[in-house]
Each structure stands twice: as structure tokens, then as C-alpha cells.
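Undergrad: Each chain is listed here by its residues.
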Amino acid sequence: MSDAATQIQQAHGDSLWIKAFRKFRHDRVGMWSLGVVMLYAIVALGVIAGWWATDWAAVTGPKWAPASAEYWFGTNIIGQDIFARALYSTRTAFEVGFVVALGSTMLGAGLGAVAGFFSGRWIDEVVIWLMGVLDSVPFILLVAAIAYSLQGSPWAMHVAMIATFWITTARLVRGEVIKLKSLEYVEAAQAIGVSQLLIIFRHILPNTSHILLVQATISFVAAIKSEVILSFLGLGVKDGMSWGLMISESTFEVLAGFFNNFIAASVFMFGLVMAFNMFSDALQDALDPRSVKES
Amino acid sequence: MPNAAQPLLRVRDLTVEFATDQGIVRAVDSVSFDLQAGETLGLVGESGCGKTVTGLSILGLIPSPPGRVVAGSIEFMGRDLTQLGEAELRRIRGSEISMIFQEPMTALNPVFRVGSQMMDVLRLHQGLSRRQAHSAAIEMLGKVGIPLPHKRVDDYPHQLSGGMRQRVMIAMALSCNPKLLVADEPTTALDVTTQAQVLEQILSLQQEFGMAMILVTHDLGVVAETCRQAVIMYCGSIIENAAVDTMFSQPRHPYTAGLLSSIPRVREKKVAELPVIPGMVPDLLHLPPGCRFADRCAKVHDRCRAEPPPLATTENIPGKVACYDPN
Amino acid sequence: MTRTDVSGTARGAQPLLEVRGLKKYFPLRGGWLGQVQKQVKAVDGVSFTIDSGRTLGLVGESGCGKSTLGRAVLYLQPPTAGEVSIDGELLSVSDKSRLQAKRRDMQIVFQDPFASLNPRRTVAQILREPLDVHRRGTPAERRERVEELLNVVGLRANALNRYPHEFSGGQRQRIGIARALALEPKFIVADEPVSALDVSVQSQVLNLIERLQAEQGIAFLFISHDLAVIQHVSDAVAVMYLGRIVEQAPAEALYSQPRHPYTRALLSAIPVPDPQRRSRRIVLQGDLPSPVDPPLGCAFHSRCPLAVERCRVETPQLESVQNEPGHTVACFMADR
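Residue numbers (the working numbering), protein chains in the order written: chain A, 1 to 295; chain B, 1 to 327; chain C, 1 to 336.
Treat the hints as calculated values from the structure; they're not laboratory data.
Glycine included, C-beta positions come from ideal geometry on N, C-alpha and C.
If a hint is listed, it holds; no wrong ones were tucked in.
Derived DSSO-like pairs (lysine-lysine); straight-line CA-CA distance at most 27 Å:
| id | chain 1 | residue 1 | chain 2 | residue 2 |
| --- | --- | --- | --- | --- |
| 1 | C | K23 | A | K181 |
| 2 | A | K23 | A | K179 |
| 3 | C | K38 | A | K181 |
A short, non-exhaustive set of chain C residues, derived as facing chain B with CB atoms under 10 Å:
| id | residue |
| --- | --- |
| 4 | V194 |
| 5 | L227 |
| 6 | H232 |
| 7 | A251 |
| 8 | E252 |
| 9 | A265 |
| 10 | Q285 |
| 11 | G286 |
Just chain A, same shape as in the assembly (with noise of 0.2 Å):
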């Protein structure tokens, strides 16, 4: 069947990011999804301006209050904001989503770039090796043994997660690579006489972007995610908080009946993630050069 709407749209030459802000701007759940993330975003900033939640840590009220005006959320069992706390959360999870995703993206896509590239040779065996035995231990144990070996250090966590991330966007990079390698603009520059380094990273890389960018969002609440499992195994955050942290304190007060806290980290987190995974489905089918949005 010949592509009838593909190619009247490809003669009006646009490129893939015009289109696909056009595409985007139209899909109404990736526009609110958007926004919320915008909003989340906002709250981050502002903690870190210290605009807000500045004294989550202190002590101010009577232990467990009930929601009320002065205490939106109520108060923990020691006595302290659980709002401002579930604010400040937002700055963590952005600051873990952030280094995740943009390490994890970053090492993946050039291990996969060079593996692609070189599809085939030795050091594309090596990553493959590399990536089926990481991808072999459980994540738990890898996290604990690289938390453990750094000892501590606050990095131990992100380590641990960019250690694991990247394999997924190499993969999906890897097979661009192998794909675009063969397209005629690579061969014109190595009749150029481009080298092959240049190549990969000034050619071929920039036009796996759009896969790039995807991922990145994948990867950026895949990170949140596992910071819960991981703060509530005391892998995690350890000075700062977080809304994993949040939930682990919470198990105890549970038991007694108060679930505000519980919840407050609960809701924060639910939105965030079930937000960006929206924009990041909507990024996808709008980075999608066949996939046609009823009008």
C-alpha cells in the first residue's frame, strides 16, 4: 500500500522535531501531562531557591496532628510538616531522575553507538557480553554490592541505577546504529575521509535523538521508582529526604493507624510518574513519523 500521506507530507519537508511539536501540541492528554510535570518541575525549583519547605526537617508540631489547615497533611510521629516534607521530596526525585536519566542515556548511547558501529567485531561482543551479564544479577543485589563497595558514599545509589539503566537504551541504540550505518550520508563521509570516530558521535548519533529522548524519560521514573525500593531498604537516600524514605518511616505508623504520611508520599509520587509516563507515551507517538492522530 503505498504510503499516499506519508509522501505528501514528506514533499512539505519538515523535519521530525516540527512535526512532532505539532503532533504533540495536538494530544490533549500529553499537553496536561505536560503540564503537570511542569508544575512537579516548579516545586523542585522552588525547594531548592528555598522558597519553600525550607524547615521540613524541623520539629514544629504534636506528634501525628491530623490534616488541618496549619499542617495540610498532618504531622509525623515526631512532629514534623509531612507536607513540607513531601515537598522537598520533589526537589530528591527530580535531582535522582535527573543524573539517572542523563547518565544512564549517555553511557548507553555511546557503548550502544560504538557496539552498533562496530556491529559485528570484537567490541561490539564485548558490550553484548557486558550487558547480558549485568542484565543477569538481580538489581537488588547489584545495588546493594556497588552500595556497599562505596561505602556510603550519597553517589552510591545513582552509580547503582546508571549502572543498570543504560543497558535498555544501548540495546535500542545499538540497533539504530546498525540500521543508519549503512545509509549513504555515513559512506559520504568516509569518502570524505571523516574518521570513524567522528563518524559515530557528529553523524550517526544526533539522528538517534529521537530514541534518545524517549528513553530518557523512561529511565527518568524508572529512577524514581526504584529510589522507594531502594530508601526503603536503607540502600538509599541518606541525608535529604525523600517520598521512599516517607514510605519506609511510614510502615511503623501504619500499624498504629495513621496513614497521612503514607498517603502524602503515595499521591506525590503516583502523580509525578503517572504523569511523565503519559508525556513520555505522547513523546513517543508524536516522535512517530507513521502514527496518524484522528482529528
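For this one, chain A is given, so just place chains B and C on it according to the hints.
TA: Then chains B and C, alone, in the frame of chain A:
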């Protein structure tokens, strides 16, 4: 071509639009032509002229979220195909009107054997039993010139060459003896020598089955050798419609004339420089108000830019042309 | 193997490009240990020369190896065997820096206008890259050269900061040609440069190529499956079938007096846009044999209307045709 008999296919004012991010594109604009039973019509033009969309809309195969038939009628044996529902259309596809496509690899399902794909068509439209369908498939493969058909019937598409796959597609398309075959660039993806083989096959089968054919192509050479009627499209509308015999010797529209002279062909003497149609095809989103060829035409008048010329016949000269000052 | 001079007239000067016994095989691995089991013989012993400023047209159908040959000549895919020399100097993979320097003299224009330009780079970046890699001139001089290149191929200066997707197929091909011209090469391999373009645009680009050759004296290896296009641009023509050249002649001789049965079939198969001239067509039977371990004897014998027993066991070599200088044919049955 005045003909007293009722045409097999009568297309009137067919208009198809596509919704794109940047607005509505009119891929086909008020296209009208007739096709007699057993006749071959060449639908010719360059990429983007609307010929493929026209071919697809005959069978109702325009992808429907972006595309839509907004006006016109396609009368096939008296029935307007644009008014039929999907179920009715499915009954017609494959049995009364068949289509073959440009890329034989993507048109055949790679995970099914060739024979079973053919049998699907036969059993669906003619209600044959498995055994009957199997032998009918072998017979059809032989008819399209595939050697050792009883062996080839169990092959997978990737085991056959491009030319053979295309022949399998033709066999599938003709297996239920349709009255009309729409062939969308059937030989463009094939080598010249294979193209010659496949075209010959199509023509002899057409004669044997008394089938009409619409051949969508950009290759004027193929049209000259196989078609009786030629319809030239440019930017979505028909600019010339004439008998092949007269059109090639006396092209009326400047675009047709330009096309014929600028196509590289094997000549007896080399020419120093190839004649050229200057300029580019206009953007379908920003069509000029008048004749769409005006910017590239050597004979352009003011009138041409104001109002697009209608497709009309002029006295004493057969054929139709959309031009205020045809040759 | 007979070496044929492209120009047809005897020249004292050395040819610009000399190709001798070029082979390119691709190994197929299989079996338990992934050992090499068979070879795809894409190019199986090709020789020719091209003089400065002349064009050799290379014609053949898909699978004949012409594209592989083009890339092997440029050492983009180094040949399995054989020699290529430009200006008398042999190309070799062992001397990387010398090969890199030689790349200035030989460039390539591709078939697909959509895939041959990096969609993420502007026209200016695309055209500057060859100059940057080989460090030609000062940055200011490079900027000037890029503008000059655009002018030469008939594009306006406002194209510089635009991206490939903003241009039509024909314009993209011009950009590709401009890129090939950037380093002032002596030799260009044009791999089906107009096949993917609309017919009305083909003539524009062909005229451009012809003009460039006349103005700058560049030699071309023009690869195409389209005999009409080849006739228009070539001084001499070589016909390829399954990795070998089966006939080679000055352009006029090939079209008026083709000797090889494949050449004749090819010429007669072209649909002619003239309904009055329905000439007798030679329709070949059968399909192209596989280039994996091709059959013994003449590669064409399975489809040849003139084949005899000898053709099945012996491989014909290129031999000269009497009274026609520069015309060679590899066929036992061709009248010479």
C-alpha cells in the same frame, strides 16, 4: 474516444483530500475519465501528481483518517463504488476489480507460502475446496509463466526473485477473473529485462481474459507500448487525455510536450544538451490560483494565471486537454 | 585481460584511472564454527581505464555488481584482489595517510537524495566538512569556497543555513554534487545519480553534470541501469553481468553495433516512448543466477538465446572486435 457502448468504469469529478498538520491537501482534484471493457488506460505523471491516490480510491483503499473522498463518483458497471460499504467493497476486491502494487516483497506476506496465499483468494471468492484451490493455484502460476509451478507453489516469497514475486501477485490478482485490473507501477521496481518479461505476461493475460486495465506509471515508454488511452496528471488534476497513438506524435499540452522531449531516451544521435522543463512542481499546500503549470510554461498568458483551464475537447481534434493555448 | 582505453583515440598521456583485475568477494559464514563456506562474487575480475575529463558509463541490472565496483574503486570497500591506480599511484590500505590524501582526488555522488545527506546538518556544514577534514585554506577561505560551490551547482546562498529536508529531490542531488566537488577531485564515481529523481528533473541534473565535466575536466565513472541516460553522458560504455564486464565499447559503437547477446537484449527491452516503433523485442527467459558460486562457463549461458555447449564449460574472455578500436566483447558466439 467516442464509443456507443456503456463504459466499464466511469469516473466523474473525483476529488480526494488529505488532512495534514499544515492543512488540507487536495491530492486529486475533479478527475474524470472513462474506461471501456477490455481497454488499457495509462495513468501517467510524476511523483505527487495524484495518480496512485486515484488508483487506490477506485478500490476504496485510501487510508481513512488522513484521506477522504470528498466529491465525485466512481461508477463500475453502473454502481457507484464511493457509495458502497466496506463489506460490499470487499466482495468486489479480488473478484471483480483487482489490484497489483509496486513492491512485491511487501505485498506478499513473508511468513506464508505462496500457494496458500493464492488459495486464500480462491477459496474466499469462489468457494473452492482446498484441493480444488490448490490445483487452480498451480494452474495460475503456470499461466503467468513461472517454471515448475507445482514446486514453486510451496515456496515462501523470499525464495523467489523480484520478477517471480511480481508474477505471483499478478496470478493472485487474476485468479478470480476480474473485469478490471489496477496496476500501480507494477514494473518500476524491476530490472529492464524482467520488466519486459512481466509486461508481456500482463498483456497476454489481459487479452486472454478480456480484462480492462488501468496502468499507473511514470514511464511514458511503458505507456506507449501497452496502453491505448493515456491520461496525464499534474498536481492532482488531469491535463491531457488522449489516445496513445495521437498523443505521442502530437502532444497538445505544453507539459506533455515538455515531458516527452526531456526524458532521456536512446537516440540515434546524441544531443548536446537535454531539453528541460524549467522550475519545480508547485507545493500542493500553496497552489497558484490559475493553471498549475503556469510558472513553468513557455507559452503562459495572463489568462492562465487567473483561472485554471478546464479539461475540454476542441473541434476536429480528438482527445481532451486542459489548456487555453494547446499546441 | 584486454585493457581498453575509454577515449577511443590513442593518447600518449597516461590514463587518470587504471583498474586491473578488480575482485570483490563477500564471505558467507555458516556451519558450526562460523567458517567461511561460500563467497558472494560481487565483482569477479574487472579492468578498465578512464582518461582525464572523460566518462565511462557502467551499465547493468540489479545484482550485476556495478555499485560494489564503484565503491571498490574508491576503496570505500577495499577490493579483495586487483589494483586501482590514480595518476599512476597505486591505492593501498596499508598506507592510511596516503590513502586519506588520495581521497581528495576521488569522490562519489549517490543515488538516494534522501539518504545521502545527514538530516541533522545544515547545507553549510555538509559542504564545509570535506574542507575541514583536509584543512583546505583558512576558515574564511572555506566559507567562500562553500558559497562558490552552491553557485556552481545552481543553488542560492540562502540555502546555507537550511536543512536537507527543506529541499526537493533534485536540489538535494545538487547539494550532493557540490559536496563531491568541494575538494576539486579529478575523478567522481556517480552511482545512479538521477535514478531516484522525477523524469522532468533528471534532465536538469544531467545537464549540470555534463557542464561540470566540460568546465573542470573531471573524469566520471557513471553507473546506471538506464541505457538512455548512459548514452547521453558517456564517452565509452561497459556492460556488466554477474560481476564481469561482458562488452565494452565507445558509446556510439555500443548502441549502433552491440555484439554481446545480453547487450542486445538490454537494448531491445527498453520501452520506447513511441507507439509507432514497436520493434521486435528479445525477451530473456529465466532469472539472474546467484552470484554465490556462480555457474561454470559463461555467466550468461542460462538465459542466452545463442548458447552452445562450449558456453557451459568455458568462460569467455574479453577480446577485441575487428576494425573497431576500443570495442571488446566476451562471447564465443558474437561475430567479431
